[in-house]
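K.L.:
Spelled out, the chains give:
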Amino acid sequence: MPNFNILVNGSRRSVQCDADTPLLWVLRDELQLTGTKYGCGMGVCGACTVHQENRVVRSCQISIHEADGLSFTTIEGLSLDGSHPCQTAWIEEDVAQCGYCQTGMIMEAAALLTKTADPTDAQIDETFSGHVCRCGTYQRIRKAIHRAAASLRS
Amino acid sequence: MSVTRRSFLVKTVGATTGLMIGFRLDCAANVDEATKVFSPNAFIEISVNDEVRLWATRSEMGQGVRTLLPMVLADELGADWNRIIVEQASPGGKFTGVRLRTSGSGSAVGTWHTLRVAAAAAREMLIAAAAERWNVPPSTCDTKNGGVIHRPSGRAIQFGEIVIAAAKLPVPKSPALRDPKDFSLIGKPIRRLDGQAIVTGRAIYGMDVKRPEMLYAVLARRPSFGAKLVSFDSEQAMRARGVRHVLPVTTGIATGVAVLADGSWAALKGRAALQIRWSAGEGAAFDSDRFSADMQRGALLPGYPIRRAGAAEVEIASSSRIIDATYEYPFQAHATLETMNCTADVRDGFCEIWAPTQCPEVAQQETAKLLGISEDKVRVNITLLGGGFGRRLFADYVPEAVELSKAVGRPVQVLWTREDDMKYGFFQPPDIEVLRARLPDKGVPTVWIQKSVGSNLSMFGIPSEQDAKELDRYAKDGSPWGVFDNPYNLTHLTADFIPFNSPVPTGPWRSVEYPGTVFARESFIDEIAHAAGRDPIELRLAFLEPGDVLDLKVQKVNRARLQNVLHLAAAKSTWGSKLPTEKDWHLGRGVACNVYSEDCYAAHVAEVAVRRDLSAIRVRKIICIVDCGLALNPLGIEGQAESAIIWGLSSTLGGKIHFKNGQAQETSYSDFEVIRMDNTPAIEIHIHQGADSPGGFGETAVPGVAPAVANAVFAACGKRVRRLPITPEKLAMA
Ligand code: FES
Ligand code: FES
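Chains C and R supply the protein sequences, listed in that same order. Residue numbers for the first sequence follow our numbering, beginning at 965 and rising by one. Residue numbers for the second sequence follow our numbering, beginning at 27 and rising by one.
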């Protein structure tokens, strides 16, 4: 079986699987990193969002073959102890309902703030148009992003 | 209130564990000799090392129950908020006979009193033990932050030091509950206890369960309603790398062919390679457009009486100013973000299940039945739920995992893909309301005639002929919600129900029967107001006079509470003030109100913008007043109301489910559209406490959204949309 090497949260991981296996299932089934969620497998919900270097990718839409040799950060690696400004802002704003979508949302937000220090609502709307929260926590997500942005600037 | 008739307080003490207090539903006191652990329900345990353990008797699906119960416990007991450990109750064992089902917005209402009494009893026992030690009257003591304090001297002692002594004391029969004004957490905005686990990805949902040796499975399921598996060829599928087994699944409603593999992806690839022959079932031709046309005609059929007052038919015959309208609400899906899934491990005559479920008891019963073992041999672990909304009140996704695990002798996790989840749901059934009224003369209530065409099986799942005939029971239970409990004071009222069922499995969906009926009722009131030249809020208030309590036997409607939320909605929205003029947009405000299941009241005002060429509709703001009585956790209630509004908005502006050839056509969020960030309006929630006891709040704010928006669209551009969802195409046709 083919062998692939990826860097996940700073550690080198070697996996054996079919070349077309989406990164999502490698993370969840092989590496037991279940903070990255399955919501659709078709790139329409954003639950599986991770970082590849500084950009966001939908891990259900990138195969292990494409991922080979690249470096990824998942929610488990965003901070050591949940202290990333987005994570703390999410708690402060009491964003989560069921919480299932939130790891994908937080990864998206964290990436947005590295590029745009003080995003407007319109920029947030556009960035998050690929995400679904069936519990409808969008208003609190917006607030949490503004809060995280403020704490990063200060 | 004293302890309820069938329950009484019990205690137990373990040599090392400390004091446990709870309720039993029977009299057979039952101490496990080996562990010295007693088996009560609503169970709290105080250990010698000051830990307070609480078993949550509802599933956490975002409503915050795992935060709310500890708040209640901490306040009533005087426990240290930071030292409460929340465990999830499982059916059976010490929870035998205890309701663990999570539904009907009942998490708070159904548990809070029981928990308070148990906590109050524990508090009195702890106080008695401390008072004895200090030789002071118990009445001079209180509890606080996990200890007993002697008020006059300020002396304090931690619970852990006295639990053993406390446990030897008799359990008070009717412990005194704390005065609500002494609560320090209840009524305050408290954040979710699960927050940290969620934001770090450590929270465990059903799909995150991993067991040693576990196989991952997906099923190929029926191509149309009623189709049966004829034969299948697994050769290609078995060739996919990692595929271990291809097995037919014969139990449960979604019979099919399962592919079991070392990973989810291998299972999916194997499934794609299956060759399957199905027989065409009875529902193979079902088409929702045709069904909708049939339902329209159904309104002409004789109906089952739901409400009768005065002589509506006679009055309307002699009226000249009559208004008619027909409203339609389509099939909807739950589409929880976490798709259905279940992990089962069957071995040695025992079965362990991990499931994100709202009905653990059913999961346990069905598993026991399937395996031919007793229920005590089935352990159901309830994980967090990635959304529930009623979908997980069915345990259909459990038996298939059980059957497969039994067949292969290993733990099996069955994953539903998004497409499976869209197609094999228990859908919200459609609803058609045909309304007719006489326009109100000054001060004279109108005549109201309603034909409600819909499913009486919305809560039953798979339609059975027996259920379909039980109309009596249906109406006596107070259905259809929104028609039966029409709050308006109408001298002449006739409401009939015409059952119209399809082969589509249906189930409760957030706010159950209200969305369709309230959309119709609150739109129609608006139409009456406009036709009569009255203000929509003023007219509602008039129809709710004299602000009395409408007693419908199975349920009461407090009209004054509804009037109050309407008054507040008018104030908070500056109702009546002029909206600005915008070059490209028509602006308008709309209102709606509803009572959910007698104890929760809501009024919504929506502000919408409709592009002047009718090419776009934007909901800019929704103001919602909720009165669900005592607000235990305002932050949680606000969150649920915001969530409910987005839910309601998704079915107002977003997708619906179409059936063709006996199958749902939608596959994911790309064709079943839900609200996303970019069409989220500003939402403003105001909580009004119209009663001293808590009511449910998970669904209250859903039904008013669609009519408030539809009414606002009319106010903006003069177009009335009577069939949801509201789209630019419908505006163009209106
Ligand atoms: S699971 Fe990847 S976008 Fe939905
Ligand atoms: S919090 Fe439930 S899906 Fe977003």
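You may find that some hints are simply not true.
[Unchecked claim] Under 8 Å between C-beta atoms, here's a sample of chain R residues computed to sit facing chain C: (1) R92; (2) Y231; (3) A568.
[As the list claims (entries may be wrong)] In silico negatives: residues of chain C with every beta carbon more than 12 Å from chain R: (4) N969; (5) R992; (6) L997; (7) S1047; (8) A1081.
Worth flagging that the hints you see were computed from the coordinates, not collected in a lab. We treat Cβ as the ideally placed atom computed from N, Cα and C, and that holds for glycine.
K.L.:
Enumerate the violated hints, using their earlier numbering and listing them in ascending order.
P.N.:
1, 3, 5, 6 and 7
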